[in-house]
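Here are the chains, one letter per residue:
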Amino acid sequence: MSKSINRRDFLKGAGVLAVAGALPVSMVELAFADSAQNFSFAYISDAHLQQIKGAKFVNNWDRGLIRAVAEANLLTPKPDFIVFGGDLAQLGKKAELDHGAEILSALRSNKVYHVMGEHDYYLDLGQYWEKLFGPQFYSFDHKGVHFVVLNSILTYDDWTYKRWPTAEQRMLEMADLDNPNGSPFMVGDKQRDWLKTDLEKINKATPIVVISHSPLQKIYKNWNFWTDDAEQVQALLRPFNKVTVLYGHVHQIQYNQIGNISFNSVMSTAWPWPYPSTYAQAEQYLPKLTVPMNRADPFFERDATGWQFINLSNGNVDMHYDLFSNTNRTVAFNTKTGEPEDTVFQSPDKHIPPQTQY
Amino acid sequence: MHFEQLKFAALWIMATSLAGVLSAPAQADEFTQADLNRWQEQYAKVVKDGRELWTSSKLGSNGVACVQCHPNAADTHPETYPKFQKQLGKVAPIWEMINWCIQNPLEGKALAADDYKMIALQAYITEERRGVKLAPGKH
Ligand SMILES: [Fe+2]
Ligand SMILES: [Fe+2]
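Protein sequence lines, in the order shown, are assigned to chains A and B. Counting in numbering that gives the first Met the number 0, the first sequence runs from 0 upward without gaps. Counting in numbering that gives the first Met the number 0, the second sequence runs from 0 upward without gaps.
Be careful, since some hints might not be right.
To be verified - Looking from chain A toward chain B, a few residues come up when the C-beta cut is under 8 Å (computed): (1) Val57; (2) Asn59; (3) Glu172; (4) Asp175; (5) Asn180; (6) Gln280; (7) Tyr284.
As the list claims (entries may be wrong) - As a list, the in silico DSBU-like pairs of lysine-lysine whose alpha-carbon atoms are at most 30 Å apart: (8) B:Lys57 x A:Lys52; (9) A:Lys142 x A:Lys92; (10) B:Lys132 x A:Lys349; (11) B:Lys47 x A:Lys52; (12) B:Lys82 x A:Lys349; (13) A:Lys189 x A:Lys142; (14) B:Lys44 x A:Lys220; (15) B:Lys116 x A:Lys52.
Stated by the list, open to error - Far from chain B by the CB rule (all over 12 Å, computed), these chain A residues: (16) Leu90; (17) Gly133; (18) Ser138; (19) Thr154; (20) Trp158; (21) Arg162; (22) Trp163; (23) Ala166; (24) Asn178; (25) Arg191; (26) Asn221; (27) Ile260; (28) Thr289; (29) Asn333.
What the hints contain is simulated information worked out from the structure, not anything from laboratory work. Ideal placement from N, C-alpha and C gives every residue a C-beta, glycine not left out.
Construct the complete structure from the given sequences, taking the supplied hints into account.
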């Protein structure tokens with residue numbers, strides 16, 4: 000098959016130029032109404048770099064991240080910063096995190112903010128990750144917006160510290176999405192206390208953007224499309240006028256509005272996940288607002304993967320999904336309805352057949 | 000042949016063939032709860048082996064497992080097969096798609112249609128999809 004022959008060649012030649020030729024122009028031009036006030040950032044997530052042996056990594060996942068980095072470098076105007084949304088590694092190994100840091104070092108950006116994913120964490124509980132990328136939770140301010148980054152993939156102490164004979168097994172037990180031996184994600188008391196204090200000094204009119212790996216809402220528990228203490232975190236965010244939660248982990252398009260809080264998910268650069276509704280034995284709660292991504296075509300290995308750039312005009316999020324092998328999507332906050340909406344496909348008569356997930 | 004006639008013919012054949020036998024074996028269509036349990040156990044074992052293959056990296060050469068992209072075998076749609084696969088250019092049975100995923104994302108070797116592993120994978124996929132109506136040909 001020509002695919003396997005091309006693999007090596009692509010990696011070798013995976014310079015920015017190789018990719019630039021394939022980029023639709025619309026993806027890299029971003030016009031701001033008021034360039035002083037608005038800003039954009041790029042959001043890349045869930046690369047799942049997977050070591051095979053020594054310096055050998057799964058090509059497919061490598062290519063996803065390499066391509067996202069190359070494309071993000073072409074954004075004009077340049078994004079103010081980049082977020083990497085977690086699951087850089089597949090099994091939390093030093094080699095995988097190092098490999099990821101190396102690929103990400105090609106980003107032409109002043110600043111990359113990192114989010115902890117469960118695949119980065121459960122081998123050494125984030126120790127090596129911290130060395131490379133800094134604290135596991137923190138906040139910062141940018142052009143009038145208050146950003147908070149949480150480690151939302153913690154779980155019960157008993158599971159983390161007492162259940163497993165080795166760190167390797169603990170990592171493996173958390174790595175498979177549907178493993179009944181897994182455990183629900185949570186932010187936990189310590190971080191919620193910290194968050195409460197962090198938000199106390201912020202004016203209620205300041206737009207808040209919370210970035211986590213897992214959704215800070217409850218969608219499907221068995222796949223950890225879920226955060227156990229989501230309601231408690233939401234309660235801390237309720238006093239603010241404009242709040243957006245951005246999350247990875249789900250490898251698919253999701254969006255929702257709960258009270259004052261908008262929720263937007265991001266795609267994986269590695270592989271797409273089925274919607275929980277497609278699992279015949281599952282009870283789940285996909286937000287009604289969400290118009291699903293297209294069903295992935297397995298014959299295009301980059302289909303239903305991608306990255307996003309986000310425009311924060313007036314504190315609300317316009318999420319642009321750059322889908323490598325598919326039509327791009329935009330989910331933007333509609334100030335009239337007070338909800339995030341797809342700018343093309345939102346109304347039921349605009350849905351297309353590939354969006355039917357079953 | 001009419002159903003009543005069929006039944007009669009069958010009885011007649013049985014009666015004549017049993018005539019010379021001393022101890023009659025069980026009727027062909029009679030099975031016990033013990034039989035049912037045993038068959039169910041056999042099936043459950045194959046499903047379990049299928050689940051093990053699903054989560055193991057042994058089917059391929061690059062450490063990737065089916066479960067990474069198909070949690071609980073979601074998005075495998077066994078009820079839609081056989082169906083036309085655009086890229087294969089023909090109506091294909093599900094084992095050809097299983098092989099496609101083994102050869103591509105897992106960079107592994109295709110399995111024979113009657114390989115025990117192939118049967119176990121199908122048993123697991125179908126078990127996870129139980130209750131869904133057959134929809135052959137649906138894309
Ligand atoms: Fe992930
Ligand atoms: Fe994750």
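Hint check results:
For Val57 of chain A, the shortest C-beta to C-beta distance to chain B is roughly 5 Å, which falls under 8 Å, so the interface hint holds. Taken as an interface hint, Asn59 of chain A checks out: its beta carbon lies about 7 Å from the nearest beta carbon of chain B, inside 8 Å. With 8 Å as the threshold, the beta carbon of Glu172 of chain A stays out of range of chain B, its nearest partner Cβ sitting at about 11 Å, so the hint is violated. Checking Asp175 of chain A against chain B: minimum C-beta separation of about 5 Å stays under 8 Å; hint holds.
With a cut of 8 Å, the hint placing Asn180 of chain A at the interface with chain B is violated, because the nearest CB-to-CB distance is about 11 Å. About 7 Å separates the beta-carbon of Gln280 of chain A from the nearest beta-carbon of chain B, less than 8 Å, and the hint is met. Interface hint status for Tyr284 of chain A: violated, as the beta-carbon distance to the closest one in chain B is roughly 16 Å, over 8 Å. A threshold of 30 Å between alpha carbons decides the hint, and for Lys57 of chain B with Lys52 of chain A the separation of about 15 Å falls inside it, so the pair holds.
Note on Lys142 of chain A and Lys92 of chain A: the hinted pairing is violated, with a Cα-Cα distance of about 36 Å set against a maximum of 30 Å. Restraint check for Lys132 of chain B and Lys349 of chain A: satisfied, since their Cα atoms lie roughly 27 Å apart, inside the 30 Å limit. Between Lys47 of chain B and Lys52 of chain A the CA atoms are separated by roughly 29 Å; this keeps the pair inside 30 Å, and the hint holds. With a CA separation close to 27 Å, the supplied pair Lys82 of chain B and Lys349 of chain A stays within the 30 Å bound.
Note on Lys189 of chain A and Lys142 of chain A: the hinted pairing holds, with a Cα-Cα distance of about 28 Å set against a maximum of 30 Å. For the hint linking Lys44 of chain B to Lys220 of chain A, the alpha-carbon distance of about 27 Å falls within 30 Å, and the restraint holds. Between Lys116 of chain B and Lys52 of chain A the CA atoms are separated by roughly 26 Å; this keeps the pair inside 30 Å, and the hint holds. Some Cβ of chain B comes within 12 Å of the Cβ of Leu90 of chain A; the nearest lies about 9 Å off, and the non-interface call is violated.
Look at Gly133 of chain A: its CB is around 28 Å from the nearest CB on chain B, clear of 12 Å, so calling it non-interface holds up. For Ser138 of chain A, the condition that its CB be more than 12 Å from all CB atoms of chain B holds, with the nearest at approximately 33 Å. At the 12 Å boundary, the C-beta of Thr154 of chain A stays outside the reach of chain B, the nearest C-beta of that chain being 18 Å off. The claim that Trp158 of chain A is not at the interface with chain B holds, since no C-beta of that chain comes within 12 Å of its own (minimum 19 Å).
Under the 12 Å C-beta cut-off, the non-interface status given to Arg162 of chain A relative to chain B holds; the minimum distance is some 19 Å. Every CB of chain B is more than 12 Å from the CB of Trp163 of chain A (nearest about 17 Å), matching its label as outside the interface. No Cβ of chain B approaches the Cβ of Ala166 of chain A within 12 Å, the least distance being about 18 Å, so the stated non-interface status holds. Against chain B, the non-interface label of Asn178 of chain A is violated: not every CB pair exceeds 12 Å, the least being about 8 Å.
Every CB of chain B lies more than 12 Å from the CB of Arg191 of chain A, the least distance being 29 Å, so the non-interface label holds. Remark: the non-interface label on Asn221 of chain A conflicts with the geometry, its nearest Cβ contact in chain B lying 8 Å away (cut-off 12 Å). Remark: the non-interface label on Ile260 of chain A is consistent with the geometry, its nearest Cβ contact in chain B lying 27 Å away (cut-off 12 Å). Against the 12 Å criterion, Thr289 of chain A stays outside the reach of chain B, whose nearest CB is about 17 Å from its own CB.
A cut-off of 12 Å between C-beta atoms confirms that Asn333 of chain A is not in contact with chain B; the least separation is 30 Å.
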